[in-house]
Each structure stands twice: as C-alpha cells, then as structure tokens.
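Novice: Each chain is listed here by its residues.
Protein chains: 2
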Amino acid sequence: MPCVRKFTFTEDRMSREVIATLTTLSNGFVSIRGDPEFAESKHGALVSGVYSSTPVFYRELVNLPRAHALYLELEGAPMVPEGVKYTLDIGGGFLEINATLSSPAGRVHYSSRRFVHRVLKGLVGIRASIRSLDASGRLCVKAPVELDTTNPSVPPEVSVKLYRVVSAECRDFPTLDVETADGRYRLRIVSLAKLPGGIGGGFYATSKHVGQAACVDVSPGTSLLVERYAVFSLEPEDALRQAREAASKGFEPLLEEHRELWEREWRELGLSVEGDEDFANALLLNTFHLLQVYNDESEVFILPARGLHGYQYRGHVFWDADIYALPFYLLFKPEAARKMLEYRCKNLDAAVENARRNGYEGAQYPWESADDGFEATPREIPLDLAGQRKLRILTGELEHHITADVAYAVDLYYRFTQDREFLERCGLRILVLTARFWVSRAQWDPARGRYVIRNVIGPDEYHVGVDNNFYTNVMAKHNLELAAQYAREALADAALKERLSELHVTQEEISRWVEVSSKLEIPCKSDGLCEQFEGFFKLKDFAIEPGALGEKNLPQEVLASVQEYQVIKQADVVAAMFLLRDKFPREVLVKNYDYYIRRTTHASSLSLPMYAALALYLGRSEEGYSMLKQAALADIADVYGNTCDGFHVGSAGGVWTAILFGLLRIQPGESLSYERSASLGKVSMSFDVTYRGAKVRVSI
Amino acid sequence: MPCVRKFTFTEDRMSREVIATLTTLSNGFVSIRGDPEFAESKHGALVSGVYSSTPVFYRELVNLPRAHALYLELEGAPMVPEGVKYTLDIGGGFLEINATLSSPAGRVHYSSRRFVHRVLKGLVGIRASIRSLDASGRLCVKAPVELDTTNPSVPPEVSVKLYRVVSAECRDFPTLDVETADGRYRLRIVSLAKLPGGIGGGFYATSKHVGQAACVDVSPGTSLLVERYAVFSLEPEDALRQAREAASKGFEPLLEEHRELWEREWRELGLSVEGDEDFANALLLNTFHLLQVYNDESEVFILPARGLHGYQYRGHVFWDADIYALPFYLLFKPEAARKMLEYRCKNLDAAVENARRNGYEGAQYPWESADDGFEATPREIPLDLAGQRKLRILTGELEHHITADVAYAVDLYYRFTQDREFLERCGLRILVLTARFWVSRAQWDPARGRYVIRNVIGPDEYHVGVDNNFYTNVMAKHNLELAAQYAREALADAALKERLSELHVTQEEISRWVEVSSKLEIPCKSDGLCEQFEGFFKLKDFAIEPGALGEKNLPQEVLASVQEYQVIKQADVVAAMFLLRDKFPREVLVKNYDYYIRRTTHASSLSLPMYAALALYLGRSEEGYSMLKQAALADIADVYGNTCDGFHVGSAGGVWTAILFGLLRIQPGESLSYERSASLGKVSMSFDVTYRGAKVRVSI
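Each protein sequence line maps, in turn, to chains D and R.
Numbered by this note's numbering, the letters in the first sequence go through residues 350 to 1049 in order.
Numbered by this note's numbering, the letters in the second sequence go through residues 350 to 1049 in order.
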C-alpha cells in the first residue's frame, strides 16, 4: 500500500508547465500532460511509438491534436482561471483539478477528474462539475479537437506540425483520421462529449477545430455536469469500439474500473515507505510515473529519456532506459524489462546498418533513437533565428558506450529471468553483434601491445573526443566477455548452437573476443585509481564543494573551459565500477569514488543515482542516502530546472537501481538473495519484487 | 474614371487563398489579406518594413497578430460559411463580404465592409451587419486579437513565430505591445469593437487571444450591427490617438473619408480602358494593387516582389521593383518612384558591405533584400522534414545584374524628373559606387583583349554560373557609361563636383570606367544575333510552341536537363535590348526577339511583360497585345498558380512598362513626348501621367 496517495500542486508555488509534467497521465499508449482542460495549451496528446520525420532531430514523438479541452465561455467571453489546484491521486491513477474561472460576466467553480484509461488503452476521460458563483448569462461549453497543435523546435520560435488531417466528420461522434507528416502512421481520433444538450450534439467543424458545443443559462448557484472522452487508436474500428464502450458505460464506472486496476498495481508492488516524508513522496511519485509509462499490451516498450511527459530529447531513447530504468522493471515487472529489450531487438537490423554507415562491423546502437532505431542525435542545433550560429553536437558520432550498455542489459535480464526463449530468439544475437562492433571499433596499438578505443565521449560529456575512456572500455570489455561466455555456453546447447551458426560464429571468433577483451586498455594506476580517460590526470584540478549540485557552483572561468579541468558532469568511472561492482576490489571502489565525487558537478540527472548507488553499496549510509534523496527529488522539486520538459526517467529509475543493487545488493540465484549494505537514516521501506514468477517481500 | 469599379469573387470558382490575395487591402503601411473575418485564418497583418530574423530566409516580413477577426458563435458553436461572395470596390478602396453562416442552431446572413484606411494609416475598419435567417438562441460575437499567427516556412510543416507580446492590457481598449522576435521593431496594436453590449465591453485575455465578446438572443429576423477596428503603429501614442479618432468618428464617416481619397486617386490617374473587358479588368485590378502598396507618408518605399499581399519571397525586394514597377510610379506617382530609390539609398552602405564581403569594390546590391539591405537570398532550402535533401540556391551568390538594374533606375528617374536634389544627395553616389563594383567584378582576358564577367546567373535562371551573360554585361556596361557620363557632367557643377571629391573620384577613375565599358565583352555575332551567354548557341536546340506558357509544355527529358538546352525561363537578351532599346538597331531587336521568343518558357512572370514591350515597340501589335494581356491576367486568372502567395508586382508593373515605354515610346524632354508604335486591337485607353509637376493626358 502506498503511504501517500495524493499530491497537491498549486500554481503559486510551481509553474503550470512543471505541474503539467508532474501530473501527466499515461497508460503507456496515450499520454496527456496535466495542464487544465479549460485553458489553452500547446500540448495535445502523445501516443507511444508515433514518431515523424522532423527538422534537426531526425524523428520525434508527434504532438497530436488536443482532444481533451473543455472550454467555458460566459456571454461569449472565454472564462479564465483565477487559481488552479491540481490533485494527483496516484493510488487511483487520476487527476483532479479545481479552479475558479472568471469572465466579465461572473465566476464559476470548476472541478474535474480525468483518467487515461488502464483498460481501454486509447481512452482519455474527463468529467467536470461546474457551479456558478456569481456568473449570470449564457454559459457555453466547447469540447473541440484542436488541430493546430505543433511540435516545438529550435530556436523556440520555430514549430513544426507533424500530422495532417486526412478526414474529419461527424459519424456517431466527431471522428478524425490523422496521419503523421511523413505518412508513416495513421491514427483515428474519436471525440465524444456529454454536454448539457445531451450526448453527441452541437457538432461543428472549422479549419482549426472539430468538436461539440452546447450552452445553458446560468445564474448564481446553477450547476452542470459535463463529460468528455477522446479515443486515440492506430486501428480505426477499435477507436469507434472504445468510444462506444465509453459512451455506454459513463464516467463513474469507467473511473472505478481504472482505479481498481491502479489499486491492484500498488497492491502487487506492496510498496510502503516511512520515516522521511519528502523522500517517500518523491519515490512514490516517481514510481507512479515509471509504472504508467508502460503499456502491458504493447509488443515493445519504448521508453524515452523524458517518458511520455514532454518534448525534451524529442521522445528519443538513450541508455537511460537500458541502464537506469531497466532494473526497476526487472524486479517489479519483468515483462516490461523484456519488452524494453524487445525494442533493442526490433532495431537490431538498424543497429547493424548504423555500424556499416560508420565503417564498423556488427551492430552499433545509436546514441539517441526513435521508432526506427537509426541515429537520431542532431548533428547541430541552430542557436539563433537566422541560423547563423549553430551548436555542434558530437554525442551521436562519439558516444559509443550505449552499445555495450544494451549488451549489459541483456545479460542482466537473462541472469534474473533465465528467459531462454528471449535469449534464443534475440539476446544471443545482440551479444554477438555488439561484440563484433567492439572488435572493429578497437584498434591495436603496437607500441603498448594493447587494444585501444580512441576518440569517444564517455558518460561525462564535458570531455569530448577522448581516448580510452574508462567507462567505455570497461563496458566494451564486459560486452566482449559476455559474448564469449554466452557463446561458449551456447555451443553446448543444440538450439543456441544453431543460432550461433546462423551468425557464422566460429571458435576463432570467440577467441578473438577473448583476445581483444583481455588486451583492451583499462587506464588504471597501480594504486587502483583509474583515469577517466588518457590524460585526465594531467588536466588542471579543481575541487568541487561537497554537496554542490549543478554547474552554478563552478567559477565562470572553470565553466568556460571545463574541458581543461578534472571536472566532470556525471558519474563515469564510478558508473562503470558500480555496474561491474563484482569485478573491482572494495578498496578500488572506495578510492575511485572518493576521487571522482569531489570533481563531479552532477549537472546530469544521471549522476547522483550512480554515486548514491555506490555509496550505499559501500555502506556509506549518510552520504548515500543524501544523494539518493536528492536524486529522488529531481522532478518533484524541479532540481534541474527542466521538469517542465518531461519526467526524468533516468533519475527515477536510477534511484530504484541504487536501492535494489546498491543498498540491497540483490543477487539472482536459485532464489533471490539480498543483503542490506547500509541504512537510509530514518527511512524504512518494504515492497514485493517479482522473481521468476514468484513474489519476494523485501524489507529495509 | 475607371470603367470597372467592382470585382466579385466566389469560392466555387477560385480558392479562398487566391481570392485573399486579389482582395488584399493595404495603404502601403498596414496590409490585410481578403480572407473573411468570420473564418479562422493563418494570416494576420503585415506592416511595411517590419521584418525579423528568420530561419532559411535571413529576414522576412512578420505575420503580425490577426486583429480583424469577427467570430460568430451560435449556442456555443462557431458559425461557418456556406458560401462567400467577395466584392472588391477598387473605386472606393474597400471590400464587401457576403455570406450565409451556419451552425447546428441555424443560419444567419452576414454582410460586411472593410477598409485599410487611407488617412489613418494604422487603421483597419470593419462593419458587419448580421441577420438571423433561421438562427435561434444566443449569438455571441468575438473580436479577438489573435496572438498565435506565425510565418510559414520550409518545408511547409514548419512555422515560425516572429513576434512576442511584450504587454497586453485593457486600457480604454484592448492594447498590446508586440516586438519582433529579433527585437528590432516594436509595435502597438489597439483593438476596438463596437459589439451589441456597447463599445469596449466584454474584455477578455487568454494565452492566445486578447479581445472583446458580447452576446444577444436572436430569432429569425433579428438583426445586429457590429463594428471593429484595429490600429497598428510603431508609435504607441499614435496608436491610441488613431483608435480614439476611429471610435469617435464611427464607421460610415471613416469609410466616406477613405472612399473620397480613393476616388481622388482614380481621378488623378484619369484611367479609362475600353474594348476588351478582361484586359481592362485585369489592368484596373493590377493598378489598384500598385497604388495601394505605396504609403505616401513613408520615407522609403519598400516594394517586395509579391507586394504586401503574401509570403512568397518573404517580403524581399528584387529587381522587380527597380526595373518592372518603377516606370508605373515614375509616370503616375513620381514621389513613389523617388522613395523606391530612397530604399536603395538607405541601403547603399549595406551594398558597400556586401561588395566587401564578396571581395569586390564599390557597392553590390543583394539579389534579394529585406529591411537592412544585406543579402537575404537563402543559400539552401530544405526539401524534406528531416532536412536530408536540400535545394541549393545560387542566385544570391551569382545573380549580379541587380546592381546595374539599380543604376539603370537611378538614371531613368533622373532623366524624367531632373530631380537635382536626389542626384546630389544620393543618385550620383549610387552610380559611382555601382560602377566601381563592375570594375572590380570584370576581369581582363588577355587572350581576347576584352573584359569578361564570368560565373553569373542572368535573368534566365535555367543556366547557372555562365560567362558573359548578355543581360549582365550590357547592363554593367550601361552602368559604367552612366557613371562616366554623370561624373563628367558633375565636374562642371560645384555641388556635384564636391560629391565626387568626397567619393575620391578622379579623372583617371572616370577613364577607367570608360575603358572597362568600352572593352566589356558583348557576345553578339556579326549578323546581330546575340548569344545569351558564351556557349549558349552550342547547346541542344528545342523549339517551344508559340503561345505555350510555363514549363508544363516542355517534354520531361528537356525539363530534367534544361540547362543543356537553348531553352530559357524568361527574357534575358530581349530584356536588355528593350531596356536599352535606343542602343540597338531595329533589325538587331527584331532578330533577337524572333530568335529568343521561340526558346522561352515564360515560366517567370517577368518574361511576358518584356517580350510584350519589345513586340509593341517593334510595332507587332497582335502578338504584343496577346502577351500584354496574358501578363496583365497573371493574378486575376492565377496564370502562374501561385497568386495565393501574393500579388505579382513585376508582372503588374511590367504591363505598365510595356504600355508606357513599348507601346507609347514615352520620352522625357522639355515636355513629355510619346508616339504610339502599335495598336492594342480593339482596346482604347487614356490616362493622365505626371511629368515634372504637370499632368499630361495620354490617349491610345
């Protein structure tokens, strides 16, 4: 049972855009941000997997029509809010909005509930209750499907309309077919409002809107109830079916059904957190968002770095999914973890093509990917309107560790699940093809008799085009070792052996993986301190205040030439060491943790979870918990100042990674084992993880 | 007196976007397209000279807020038109719109008149009369200022918002200050509606709109009258003053005042055309648009190639202004011609900087220019959403003849006006600095002992990067000759001599201009046939059907590699010969005309006017008139299929050029002389031109 079920936000303390991210509702298929239905908004709906070609960013999630607005107009004038209160009920998975709306002809009290339905996956439902305070006159309610939503681009004055309306008509209800701008996806949207005049009435269509409208006379005290539904579906008939079902059931039964599923969800998690209310709240809210972005009916789980909550990173998938978020799903929803890897399976051919384009062998996963698995990182971003200044982005070309991150995730998944079917169908192929990438990526340096990996960006993006980045090399080595290990075991199994022979894997090739992995340069000193990349220790040193978060604490001159300093953006050596913690002696972990934490700005939200994880793993309760809490607060306290642009999946997932693998040292085996390495101060928590089909109760 | 005063358009025969261009109203300061105020539209207002930095196109005219909409909603549902009839009264300079508007709760008849005021230069006024046919219920009228207008960009899915709202409040009326996205201009917009509830009432503000609204109960037969005004001004106090004046005068007196000025305008023109109604209509409509884009209160006359009527070419100024449109103004509104050249004066420093950037001396006018006089031609245009295919545009880098075109216009203006003040202040400087450009642009070719101009695009843009383009070289030669001639005459005049010495012009430099001009390669054969550029005659030949207009008549294989053919887009040799007709023997004009007309697609609207002009000049009445008429019809018959994107200034002006200089061979002198060279079939026309302060009646 979650100990907190409701979160209340008001606009006097937070911006509407931040609240809209925090109160986003999703079922992993459709997603709508929390901005109030009675106010104009640039945000329509997002549908998981529906991307389009776009300027600068290759492909991005399409900001679909806004089909959930409910506009009130009193005597012809739009009613605007005087104060809005948002109550997100995570226990029941719905959002309540209360406001006073005003116009020259008076005020009304407005109260609504909305859901994005957990059974009818295309359905958004809202019921609003409106009561005149001192409003007198004709009150009209409009329920439009707004067809002028666009995707924001860069610079911010630019926007792109990524869909077009193929048809718009009133069948039983206003019904639209829209197609993405590149023609790749077609969606049906059915809108349905129960307005004062009855269901389906007052249909209208203009060039920007299709919808329904109705009016009533109000005087102080008059009340009315309005319901509106919107259905999004990739299958036309299915959209109509869901709309009809919604219309016949009505709001309360639909909400009840939805709520019961959410309650069951929480019961299955059995999550209880006590002792630090702020931490508990943050963890619960993050958990809610991690849960709701997963659609159990989907074949693949595409998890963008900012969820289905905003446009930052354009709906692109990064290593945040495989490394930071996967452990949560692995322990609580193993099917979701598998489907996250299915996304990598589905795009394995694209990864092979990516490698080919870049002159490598095997499969190279793109740093950022959309629906089609090709590199989606922008090469440059215009900084001014005339396009005269541009920011060159090199991560797409140089941040290669993601390929090893995917292989790491495949192994992690398999070790916990023993999902033989997945391994045979796809997992083994990923391990083999990614290993081939690293063999072609590494170069033999005859002078030192080692393989080297030159010109990369590691997780710390302050230092660009470096040689032998610790994280990259260690993870690449692990990738090669995994391939060799899995391949050798596969040789003893008829079906898996068959897979290997389809891939033309020979004993010689396996030996080659071992050869490269064993001779891959890992830049560590004899005292166990590892160098983030070759030359890092020769850079100017600068000690960061303990606890200082972000770049604002760096002196301007350090920030301006940060690449010349031993100052890093996020966990790099420490991330690799935590991920592969069994491979390093404790004193090495301690030494590197102590060295790097004093040189890290944590300007990326991916940093604190890794430091927290390693601190807890090392038994450093106080600093571990302090960082864990800070990481958990990322969104609810808008720590990075960009919550408005989406939910930090990596941070939310990373906190759970730190709890599960840092604090609890959970290990797969015959049964699941764990041993607590540290304390979380006054916090006690318990939850049920799923391990090989069974529930395991974990208490801290 | 114009023989036609009203033009009626309906949407069953033309698209709304084409009609909106044809019914654009402007006073040369504010401009609004003719789309109906009761329907949503992407088009707000344009204000002459208000440009902003923009992607791809450097700077472009800003699509300002739409402040003239009048939306009707019956029982909450937007009323949409069932049929719209537009009547443009060019005699009175106003637009009448009649329509039936419908909604689920019934229909109304809607009738409005609008003007863009000729005295109050910031003022747009509309009065609508609404009568219920079978509409029953609450009818609300909204008069918003719509703050979500954007500029369309490329590809078409992309749009850019080129202004931001600095403040929005209700003073006496809804009042907004907006600033262009680049911060260069700030405008005040005052909106004012007389709605059923009275003036100034029902104020509201949302994130997208600021406006007024009011409602009345209607039943069949009920009528109401609504007025709305919007004022745009670069000076805040002036905006309020105009709004107050509009409010106190009311619509009818304002319209009367406006109408009287338009009637006076037409009286001064004394234009009458008879004998061919289609031609007469086209000429009158074009003349109306040429008249209304000129603002007599402005210091400079910026005349974009598509007027203030649409976004094609982004409000950029081309040679269309100096060569095609200037003659009309020169003969009918000499002050407008001067102000058109003032635009070139104002941007002369930028032209000097352009030359310097390109490695030349003197002043080089940009192929396309916006408000600041720098090169505004896009270098490349994205062809798809992901920006993977781009169209390279070379005109900005290679189409150099515009610099000579400006010099040509300066001389033409001076010969007609003897405007000594202009010459001394600016004209002489333009001639000198443009001559210097050509001296640096031409290269000495020792092999042939001639100066050559390599790697240009001439008016015919099918052939790119050619050497010794006839038009360019002949016009450059003329430019050099003009500079030498004016400079020599200036040496005999104390004040002008002073100007020369400020420019450090020496006798040696004048001799250099003569030297380069006299030895500049002009690629003509001994029989008088001139080659459009070196090598043109060696290209494959292809004869175009006489009368075939546009590229649709070319075989696909010719069009696909048109640069390999003696097929040209528009008048090039013929244009130069017409402009400098006194320099060529008649037989040369005939020979070249006959040669090139059979090889021209006229895919540019700038082609037919030049061919028509030369045909008429040569006394070829029938074909001359046929082409003249075709050119005149460019917009009213949407000949080029892009009238939706703006008015063809070059074509409309070019028709007048053909009449004045081709047909009438008008010559300056002690008094204005003319001799008719051809007939216009059954057409007879007469008009009053202005020559050195006096009116001259011209009859054909």
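It cannot be assumed that every hint is accurate.
Note that identical chains are pooled: a pair holds if it fits in a single copy or bridges any two copies.
Derived DSS-like pairs (lysine-lysine); straight-line CA-CA distance at most 27 Å [said to hold, decoys possible]: (1) K355 / K1031; (2) K557 / K434; (3) K1044 / K889; (4) K695 / K846; (5) K510 / K557; (6) K874 / K889; (7) K846 / K889; (8) K739 / K510; (9) K887 / K391; (10) K874 / K887.
In case anyone wonders, no lab produced these hints; they're calculated from the structure.
Novice: Which earlier hints turn out false for this structure, listed by number in ascending order?
Specialist: 3, 7, 9
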